[in-house]
Amino acid sequence: MTMDQAVTTYRDEALELLAELERAVLDLEADPGNRDRMAACFRAMHTIKGGGAMFGFEEISRFTHEIETAFDLVRNGKLPVTSQLLTATLMAGDHIKALLFVPEGPPPDELLTRSEELLQVFRSMLAEAGQAAPATAPAAAVPPAPSPAAASIPTYGGADSDGSACDLPDAGPPAIYWVRFAPAADLLANGTEPLGLFEELAALGPYRAHARIADIPALDAPGYDPEALAASYEILLMTCRGENAIRDVFLFVEDTCRLAVVPLVTGRLRGSDLEEFLAFFSHMPADEEQTVAASRLRTLVEARLRQVEAIRAKGPSKEQAPKLKQETAPASTSLRVDSAKLDALVNMVGELVILQSRLRQAVKGENMAAAADVDEDLERLTDAMRDSALELRMLPIGTVFSVFLRLVRDLSASLGKEVNFVAEGAETELDKTVIDRLKDPLIHIIRNSLDHGIEPPGERTQAGKPPAGRIILSAGHSGGNVVIRIRDDGRGVDPARIRKKAVERGLLAPDADVSDKELLALLFEPGFSTAEKVSDVSGRGVGMDVVKKNIEAMRGTVDMENAMGQGTTTVITLPLTLAIIDGFNVRVGDESYIVPLSNLRGFQERFVTGQPRQVDSIERMGHLIPLVSLRRLFSVPGGQPDYERVVIVEADGEMTGIAVDVVVGRQQAVIKSLDESYRHLKWIAGTTINGDGSISLILDVPRLLRMAREQYQRTDERESPL
Amino acid sequence: MMQEEGAGCRFLTFTLGEVFFALDIYSVREILDLQDITRIPGAQEYMRGVVNVRGTAVPVMDLRMKFGLGRVEKTLNTRVVIVEIKKNDSTVVVGAMADSVKEVLELEPDAIDPPPAMGAAVRTDFIRGIGKHGGRFILILDVDKVFTSEEVQDVARVVEEAARDSMAGAA
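Protein chains in written order, with this note's numbering: chain A, 1 to 722; chain B, 1001 to 1171.
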């Protein structure tokens, strides 16, 4: 695995963890005492932090650290779960997401500023809670009253806990010290462990050290002593414990080692900030006067302190910071698969190998019966393999539900409405591509429900409804389709208003006689919005038509049901997968087409004398329905037969017949999308390769009929004046 | 205009009627015999349909029709040149029908003239240059432009003009 792959994996994983974090936070909101969810938040933060440091996301690891600390306190029952904390955590999650997509190198300044702002919020919460952070000082690693959660997960203690020692009771103001330490050459021989000194130092506060290695002799130097120490260290330490605490660390070695503790400035910096000054030491000449060097270093540190202060000061005022572009994060290209599914597939591949050798034997022995057996087995196996391979792409739709939960939470708060969001059928499985492409349309519909549908609490009480609105998102299977319903119990859409608007927009004649259903269909027309004013949320009129387009691009349909005063329901119907379609193969002349089963309603026949018209009519169950001649519509070369089969299809709620030469039979077609040069031919859903290597076109029946209708109306107009 | 200054470029030459054309060899993926083409109703006429290339439906363009030189008829020599075009991040694969495919040719940059200026009436931007080889003109096509534009391009006039230019140059 290369580093690039590792980084991608980390990013994917972090995104999953963030989704989990979000779910956990939203659960906590409903049930603030849930210890499992608190631990989940902590775990997510902890894992993100660890991986961040490993894969070069320094800022993430630095940023996440303090939030992790907060949740460590939360799960130990030391910090209450407040809505402020949860909101801040959600924002922190968004911020981490933004940091994840920063291209290589340090993140841009505005993101760093944002980190600082968010961290400030967490710090103030920690301060408010008046919390000591005993877990971070190794000496006090045992919490006074171990809670069940704390007992099961080892308490986190780190050498780099930024400034938490400041929370101890005997803490003074935070200050930065320059510690120069040159251990005696025989330090190891005296039984002192130098690393232990550094660990003790870490307990005082964050530090960064620079090692001077110029004096270390070469391995082949005469009289080289491997146990002698020759390096010296320049250490920058931020602590609140005062100079004496630092000297205490070196108490037992002070006599034999060279030690200098130089106070630099009072102020608080993070470990990562201290790191920036290490370069100073590498450029500092070894023989420079200590006081001169100290004053130079002091100016540097002071400058940095002022910078950090400035950022902090800006922090609280910009709490409602500009929305980060979280929605532009690209969809993940990798996929997590249940290992049982993979095992099943691999088993089948094994079976395939066996079948192949059986086939070879049968062919060698010219044993037709054996070959026929193999053929039968192969058919069964191919079916099973196809299903199982397709299943690999199936994901439960619940993976996107948490996004909506968050959306509803944020939006209802900003709109001043109370809304309960209920998601049902999260386990319904759908093709990954469908799920990815479904997200935006669903977000849009839910936004509409929130903004236009659900009334403010006062209005709801007047109407005799509970003050909190309800949006129910449910998913389930129905036949070969997945049906997704978004139902709200808001005020519903007023058909009279649609009518008024449609007339204003010129979409409808003032005296047109249209049903409510047709009026609702107008909502999906481009540029149509009934909202009186454009809000941040919706009402720009660029929405429902895009929703419809997106859904139709996935061979789905979208419908709206409406009950005045009781809410609207949007119903989205989607095929299970985009990769395979069930249909009937029909032939016209030498050309072959696939009519999808989902549109098919039956077969009839007709006898033709002479040249049939492109659009005719045929009787079906006592009604006359339009009949389109595919031969004429596609100008297929060849002679017109006098007996034709008629395929009855349903599209847009209407029955239509399509006349073809022959119905070959049912066929499962693997869809290959058509090249871009044919993209403008909307009525072709794709192509499929038949068993004999020939190609059939898969028809998009609703679009095909719309095209036929338009053509018909045009010729009609041309002919009518004559 | 050439990819590498100084170095000769290699081209695949083919004929449409009497005219010789060349494509940059690097954009050619393979050359296939003509097989059954599935017509796509409603598309432009020069788009003859799709062929099955090992399980993928590849669109096929009739270059003669595209260039206003009649129509490629099925003969023993008819070939489909499969061309790859880089478009943004993806690669588009298109088949080009030719009356016959000739050879792979190396042309020095100084054997290639810029396309003749024809005024606004006839577009020549789909021609990268005009090469001379064995006393013949070879129209070197700009693959990206030929296969992505939707217009029918008038090549006959370009050929005429190029011939006249070179006569004038020789005289």
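The hints are simulated quantities; they were obtained by calculation from the structure and are not laboratory data. Any given hint might turn out to be false.
Stated by the list, open to error - Straight-line Cα separation of at most 27 angstroms, DSS-like style, residue types lysine-lysine; simulated pairs:
id, chain 1, residue 1, chain 2, residue 2
1, B, Lys1074, B, Lys1145
2, B, Lys1102, A, Lys672
3, A, Lys341, A, Lys549
4, B, Lys1087, B, Lys1145
5, A, Lys465, A, Lys341
6, A, Lys682, A, Lys672
7, B, Lys1132, A, Lys682
8, A, Lys517, A, Lys672
9, A, Lys432, A, Lys549
10, A, Lys501, A, Lys517
11, B, Lys1145, B, Lys1086
12, A, Lys517, A, Lys439
13, A, Lys682, B, Lys1087
14, A, Lys501, A, Lys97
15, B, Lys1132, A, Lys672
16, A, Lys682, A, Lys517
17, A, Lys682, B, Lys1102
18, A, Lys364, A, Lys439
19, A, Lys439, A, Lys672
20, B, Lys1086, A, Lys682
21, A, Lys549, B, Lys1087
22, A, Lys432, B, Lys1087
23, B, Lys1132, B, Lys1145
24, B, Lys1132, B, Lys1102
As the list claims (entries may be wrong) - Okay, the calculated bits of chain B under chain A, using three or more residues with CB under 8 angstroms as the criterion:
id, stretch
25, 1025 to 1039
26, 1108 to 1114
27, 1140 to 1146
Beta carbons: idealized from backbone N, C-alpha and C, even for Gly.
> What hints, given by number in increasing order, does this structure fail?
Replying inline: 2, 3, 5, 7, 8, 14, 15, 17, 18, 26, 27
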